[in-house]
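Asker: Chain by chain, the residues run as shown.
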Amino acid sequence: MGSAEQISQLTIDGLMVGALYAVIALGYTLVYGVLQLINFAHSEVFMLGAFGGLFASRALVPDGGATPSGLASAGLVLFGLGVGALAGATAAYALERCAYRPLRRRGAPRLAYLISAIGASLFAFNLAGKEFGRQSVPVPELFTNGTVLTVFGAEISTQSLVIAASALMMLLAVDHLVAGTRLGQSIRAVAQDAECAGLMGVDVQKIIVATFVLGGLLAGAGGFLYAMTFNASYTMGFVPGIKAFTAAVLGGIGNVRGAVIGGLLLGLVESFGGYLFDASYKNVIAFAVLVAVLLVRPSGLLGTRLGRPA
Amino acid sequence: MSGLPHQPRQPHQPRLTRLPRLPRSRRVRSLGIACFLSALAAVITGPSGDADHPLAGITGSFAWPRVIIFVVAALGLWAALLSGGHLASPVRALSARARAAMMPSTSMPPTPGGDGAGPPAPAGPLRRIAAPVTGRHGARLGHLALLAVALAVPPVLSTAAQQALVGEIGVYALLALGLNVVVGYAGLLDLGYIAFFAIGAYTTAYVTSAEAMPWHAPWQINPFFALPVALVVAAVAGVVLGGPTLRLRGDYLAIVTLGFGEIVQLLANNADGVTGGPRGVFGLPPLSVDLPGVRYSWGLNPLPYYYLLVVLIVLVMVVFGRWERSRTGRAWTAIRQDEVAAEATGVATIRMKLLAFAVGASVSGFAGVVLATKQFFNPQSFGLQASLLVLTIVIFGGMGSRLGVVFGALVLQGTAFLLRDTVPPADRFIYFGAVVVLMMIFRPSGLLPPRRHRALPRQDVPGTPAIPAAAGAGLVGAAVGATAGAGQDSALAPGAAPGPAPLPAPGASLGSGASLGSGDAPEPGPGAGTGPGVGPGAEPAL
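Here the protein sequences come in this chain order: P and L. Per my numbering, residue 1269 is the first one in the first sequence, and the count goes up by one each step. Per my numbering, residue 52 is the first one in the second sequence, and the count goes up by one each step.
Just so you know, these hints were derived from the structure itself, not from any lab. Heads up, a few of these hints could be off.
Computed spacing ranges between beta-carbons, pair by pair [what the hints assert, rightly or not]:
hint, chain 1, residue 1, chain 2, residue 2, range
1, P, A1272, L, R300, 41 to 49 Å
2, P, A1340, L, T466, 48 to 56 Å
3, P, A1342, L, G111, 33 to 41 Å
4, P, A1556, L, R77, 48 to 56 Å
5, P, L1417, L, F427, 47 to 55 Å
6, P, L1417, L, R80, 53 to 61 Å
Heads up, incomplete: computed chain L residues facing chain P, CB under 8 Å, no partners named [as the list claims (entries may be wrong)]:
hint, residue
7, S99
8, P295
9, L299
10, D302
11, I306
12, I314
13, A477
Now the stretches of chain L that chain P is said to cover, found in silico as 3 or more residues with beta-carbon under 8 Å [unchecked claim]:
hint, stretch
14, 102-109
15, 236-243
16, 435-447
From a predicted model like this one, the values you see are computed outputs, not experimental measurements. Yeah, the Cβ is synthetic: ideal placement off N, Cα and C, and Gly gets one too.
Please model the entire structure based on the sequences and the hints provided.
Answerer: Encoded structure:
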């Protein structure tokens, strides 16, 4: 494999992982934009979504059966994504309801939200470990994986294509939702000035819930996509969670398009960095990026406002 | 509640105007909450499932004989929730009245959903009366009694209990005392705290043994001298991590420290040629005293380690107690309550935060020495869950309270030890997570709130020890009053709000100060007209 092909392959891989980070990062960014809080339990929403999608597709595809193809595959992937998204949204709603809203009612200090979210995260992933077992579980094969096409010598598998296409569609949908719908307008209004938005007739409470649910939908579907490549386990949320957070900060936390750019960029950096150093240091690289961004430009590449038309 | 003929009306009225909701929908809602909590409890305590039968654990949780217990529990909880408002209001009214009359009825039963305030401090004449029992002198006597119990009880316990006292309670109490400086005093959230514990342990291995790790010092020293070495190394590590990151805002700091903890564990695991990798480190020489005339070696028996830990814990508590009341401690308080105001009044915030970080790290290094000399350890001992466990202990015991965090370690880890046969160790963290969330909601000040909140040191600045008068006490007083008005601190000093009127707290999050809280806002105490009800985010929609 020549070096040009290698670069091309690393780029493709990086973009694919980056698209996943972007999908998760949107959840951090949306919640941050509205509440100015880092949702520490978002990684568990991602994990629960992955399990939701996994069990749904397991229920339809029996072990040892023939790998489905054609329309059946597409339907199964969509079904898994949908169930994953629903599971994620439910988890995010429950999280908001149990760990955030009571504190908001009591006017708790910032630190309390962070701690409460960490407690919720601890609770959720250990409960998942108890209920779903503590070893990693593969998603059944929903389609025959193989090389579909080659771009500059890089091989693109069906799986990458499916992941990239789903992630792209979700990103476009969210971008449209936030920039061009009434709900998005309300979200942006609350992000800009919650008190004023309330006075203008926006139901702030509802918008907060909607933001959590939206982030949960994305994270759940993203979790299913992630599990297709890397399997699902009860601790799977932690590392992608930190990386997605890094992506959100990199692009400018609170900024929707920033999260997308940050995710893709982080995927590329990680892919090339992992090649240059060692694959086991990928996490260290992502973490170094986070620290560097926070020190050099805490507002990220695109600035930190959700209020602006992204 | 028989002796309360007329009281319920008075606090009842604002509740009605505040929540214009049909009683029926409220009943349904309470039923929903009760069922949800009960079902959650059933699932948590129920059997486990696995990946092939993901629903087995859940269906097993609602199997026939079990389900009765939880249905009864749900109905009981529903009844409690429904009557909660009626029960809590007279209690609250009574306690407010009692305080107004300065009668010694100061303890309020903490009702679920009621306010999380600690026992209100006696004021005025009562304080003089109660001084011999609750004052410094009485407190000292109480502490000595606790110490006596701590020294006398362990020898009669079983060996397993003694092991738990050392490895699970003592070491974690020491760790919690260190994290308490970072979280409780300076208000910084450190989620990678256990990394310093690891650094302390590996440092000990490095300097005391030539065989334990592939990488070792050219000379070996007595493990006792590893204590200062580990202290310094861990403190330096704290400064190295804190130097660049402490300029960040609180939640960024949390995530960076989270990553740091992960990296340290990753390095310990991957750097096979240095640390021994996943195999871990064992065979360190035990602690020993080798002086002319005195020869003693800590062997396999846990009891000597226990007493060593008691000495270390008492030492750390005494030192931190004095530190807390010093200029440094006041600076930490100021930073915790309002960093901007603290900086404006001349507190060197970065340096002080760095100091808190280094101090916390060095205590963690201490604990690492004890761990390393006591037993085998490997990178698995330093995972994220251990960090979160220490945090849980601090939250549960009471952020900022030395005695509280030691009690937190004793109660949480002790319960885990007692239930070790009924609850699998891996499931403990489900309960710990639930404890953290519940504490944050119902009792953010913890089991034993720090003294400065219980006492009323000065009438003009609620909830804080005196600030250096020369440093513009007026400004700090106002700013501190503002945060206390919007934050949790005011809930800890009920009736103590005759301070300056709360200003909008900087950086208050969305709903802060919205007076919808179901009675968590300090009720109007005697002559206290300045509750947090006039806080910044008085949002109609929330």
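Asker: Could you run down the list of hints and mark each one as holding or not?
Answerer: Okay, the hints, checked on the actual structure:
{"no.": "1", "hint": "P:A1272 <-> L:R300: 41 to 49 Å", "result": "holds (43 Å)"}
{"no.": "2", "hint": "P:A1340 <-> L:T466: 48 to 56 Å", "result": "holds (52 Å)"}
{"no.": "3", "hint": "P:A1342 <-> L:G111: 33 to 41 Å", "result": "holds (36 Å)"}
{"no.": "4", "hint": "P:A1556 <-> L:R77: 48 to 56 Å", "result": "holds (52 Å)"}
{"no.": "5", "hint": "P:L1417 <-> L:F427: 47 to 55 Å", "result": "holds (53 Å)"}
{"no.": "6", "hint": "P:L1417 <-> L:R80: 53 to 61 Å", "result": "holds (55 Å)"}
{"no.": "7", "hint": "S99", "result": "holds (5 Å)"}
{"no.": "8", "hint": "P295", "result": "holds (6 Å)"}
{"no.": "9", "hint": "L299", "result": "holds (6 Å)"}
{"no.": "10", "hint": "D302", "result": "holds (4 Å)"}
{"no.": "11", "hint": "I306", "result": "holds (6 Å)"}
{"no.": "12", "hint": "I314", "result": "holds (6 Å)"}
{"no.": "13", "hint": "A477", "result": "holds (7 Å)"}
{"no.": "14", "hint": "102-109", "result": "holds (count 5)"}
{"no.": "15", "hint": "236-243", "result": "holds (count 3)"}
{"no.": "16", "hint": "435-447", "result": "holds (count 6)"}
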